[in-house]
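> Chain by chain, the residues run as shown.
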Amino acid sequence: MIYEPSWIAVFVFFAFVGATVGLSFFLGRKAKSSAGYFAAHGQIPWLVNGVAFAGDYLSAASFLGICGMIASYGYDGFLYSIGFLAGWIVALFVIAEPMKRLGKFTFADALDAKFESRGIKAAAGLSTLVVSVFYLIPQMVGAGSLIQPLLGFPHWVGVVLVGIVVITIVVTAGMVSTTWVQFLKGSLLVVFSAVLVVLLLGRGFVAEPERFDSIGPLSQAELQQATIDGRSVLPPKDGWNEHDDLVRLQSDGDDGFDVYAIETTEQGTLLRRAQSVTRSDEGTLIDGAPLGTVTGEKQLMPVGTISKLPGDATETGPLGPISFLTTLRDSEVILWRSRTVTHGDGSTSSVYTQKPTKGSEVLRPGEHPKFAGIRKPELVGKLNFLSLMLALFCGTASLPHILIRYYTVKDGAAARKSTIVGIASIGFFYVLTLYLGLGAMTSGAMDLTDNNMAAPLLARSISTWLFAIISAIAFTTVLGTVSGLILASSGAVAHDLLVGVFRLQLSEAKQVRVAKVSAVIVGALAILLGIWFKELNVGYLVGWAFSVAASANLPALVMLLFWSRTTRQGIIASVLVGMLSSLGWILLSADTFKSVYGLDPETAWAPFSQPGIVTIPLAFLTLILVSLMTPKPTDLPADVA
Amino acid sequence: MSAPLSDPSASNRRLGLRLFVLYLFFYLGFVLLSAFGANWMERPVLAGLNLAIVYGAGLIVAALVLSLLYGAMCKSEVPPKSDASSSEVPR
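The listed protein sequences correspond, in order, to chains A and B. When you line the first sequence up against the numbering used here, it's residues 1 to 641, in that order. When you line the second sequence up against the numbering used here, it's residues 642 to 732, in that order.
Simulated from the structure, these hints should not be mistaken for laboratory data. Model, not experiment: these values are computed from the prediction. Incorrect hints may have been included.
[What the hints assert, rightly or not] To give a feel for the contact side, a few chain B residues facing chain A, derived at Cβ under 8 Å:
#, residue
1, Ala651
2, Ser652
3, Asn653
4, Leu658
5, Gly670
6, Phe677
7, Val686
8, Ala688
9, Gly689
10, Ala693
11, Gly712
No residue lacks a Cβ here, since even glycine has one placed at the ideal position from N, Cα and C.
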């Protein structure tokens, strides 16, 4: 699709980003000490901190990824919403108050509170870095794809822009301004998503059975003719001959063609309109014609339609939150599925074909290819699903940029209250994602090539202003999450590794300066990775970050709190084993083989893609075994002496 | 070590663990049902909505209800001196 940048969008966008950065400058003037830089002096009010949790947590993946997944496959994206929220229960009931009681600035502080061990600081600091960088990649990739339609810049410009703005925020300000940015962004995101849902329900559904043309029904004899529907049939060659259910007809107004998928129905054979994108070194072709807007050029048509409403109505009028879902259940929607045609010169075409789907099928789990395993008899698919849901459940309470937010409030009670506020705003938002996603699915405004844009495009189908606001919020969402992550990693480098491990005697001002330098380095690294991993799916990358976080951090944290026999060596071993095993599993999984190395996924070593169900118990087991083999922690001082 | 385990924080921890286990079973039920009984998930159960939506939204609502319950039932700690200790200069 071609996006034409609108002046309103550009204006609103820069106003938002300018206000955000300005605010952070204004608030950051005061943060000079390390207590101020890393933990905002513990003086953030709990209500603000709670909304800031939502700001930190509702990342590009939550907003763009989940909505996009629901828009193209239905209910399955909502499984992420459920898992992401359930993780907060672990955070509130198990982790929040002890974290606050034990630590000072970072996750490593809490883990090390009992032992004063350099090994623990090193392991925990390292895992904080690894998880943060993993989590940074999807945010940067998301930022790039947002900038593209909004301002018309190429992907890498978006990534660099985010990187520079975020580094500026973090370096000038630290935790105080990061928190206020998160607060601002968190509340705007929830409020405007709610507005969007209200407008969406007010608009209701419209049936558009004729949006894409069909030819037929035809008899077998008519299908074999050299012309169909008065147009000549292009000979199936150069890869197209591999797909005998596709037929290409000469296009009227340009050099290209129109693709149709052959579908057998009771009345005869029907040709249903499909769309194709060919990418080669010479450029992009849409249905055989150059991409563009003037005569002779083509662009992909936006999709996302309802083909049939209950009772064959043409439109429903305003709907309530429940009748929205029940009406959709009794309707038929047009989803699109893609396949690849490989040509002789090595270039490929993605062909998108229509798949009329019953509304009841988009409201049940198991339609997305990643979740389809739960509808098959093989155990592997089910294990993969259980593993993902386990990682989401355990991952939240182990994310470094969430954990550091427990040090910005004054005591355990405030930590508890702000978590509750966080759960309320995040939970409310996740209920909205279901409506946003399903609304985008039926908005007629979806981009076939980028489902991450589902929520902003839904907004555009309602009003340009809303599109500008939602895009700007989505962008500040990325800014906020990225600055939180960079802050967490700079804390890991300056506070945990340099001071804690290498015992460098740094004055407070120097510690802050080192943290700022590390923030610049991590930020630059994030920019590079964001450009490099451009092609990868955002939600997919976030799933990894959760798995690594849950495997490396959670077992050590939980056992430290609940098992007095836990030893220093046990913690170090558990963090390292959890981190390395989950990383290794991911790097050897079928998904990585396919989308990163470009190898045959069948040859992957890991039996399924999500490591959590194996590596989380493994880290627990490691901790228990190593702890039992090493002297009791209470005996330690005596033994050493 | 900073503040020692005071009584209210121990009782809060017990309460937190109980609520956690309760929610864990609720979540586990959803995940296992999706994995091994996916067909059950499309049956309408409430107001024409299927089980997947009712149970899924139920998990989100339950998280909120349990967390509010926890907030209301938690004993407040005696305002500790940790305030002073947490803002002291590192090392």
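> Hey, does the phenylalanine 677(B) contact hint survive, CB to chain A under 8 Å?
Cβ of phenylalanine 677(B) sits 7 Å from chain A, so the hint holds.
> Using 8 Å as the Cβ threshold, decide whether alanine 693(B) counts as touching chain A.
holds, 5 Å
> Close enough to count: is the Cβ of alanine 688(B) nearer than 8 Å to one in chain A?
holds, 5 Å
> For the restraint on serine 652(B), tell me whether the closest CB of chain A is nearer than 8 Å.
violated, 12 Å
> Grab the minimum C-beta distance from glycine 670(B) to chain A and call the hint holds if it beats 8 Å, violated otherwise.
Violated, about 12 Å.
> Is the interface hint for valine 686(B) satisfied, with its Cβ closer than 8 Å to some Cβ of chain A?
Hint violated; valine 686(B) Cβ to chain A Cβ min 12 Å, cut 8 Å.
> So, as I understand it, the hint says alanine 651(B) touches chain A; can you test that by seeing if any CB pair is closer than 8 Å?
With a minimum Cβ separation of about 11 Å from chain A (threshold 8 Å), the hint on alanine 651(B) is violated.
> How about glycine 712(B): closest beta carbon in chain A under 8 Å, or not?
holds, 5 Å
> Going by Cβ atoms only, is glycine 689(B) closer than 8 Å to chain A?
Where the cut-off is 8 Å and the nearest Cβ of chain A is about 4 Å from glycine 689(B), the hint holds.
> Tell me if the interface restraint on leucine 658(B) is satisfied: Cβ within less than 8 Å of some Cβ in chain A.
Since chain A brings a Cβ to about 7 Å from leucine 658(B), closer than 8 Å, the hint holds.
> With a cut-off of 8 Å, does the beta carbon of asparagine 653(B) approach a beta carbon of chain A closely enough for the hint to hold?
holds, 7 Å
Comparing the model with each earlier hint shows violations of hints 1, 2, 5 and 7; every other hint is respected.
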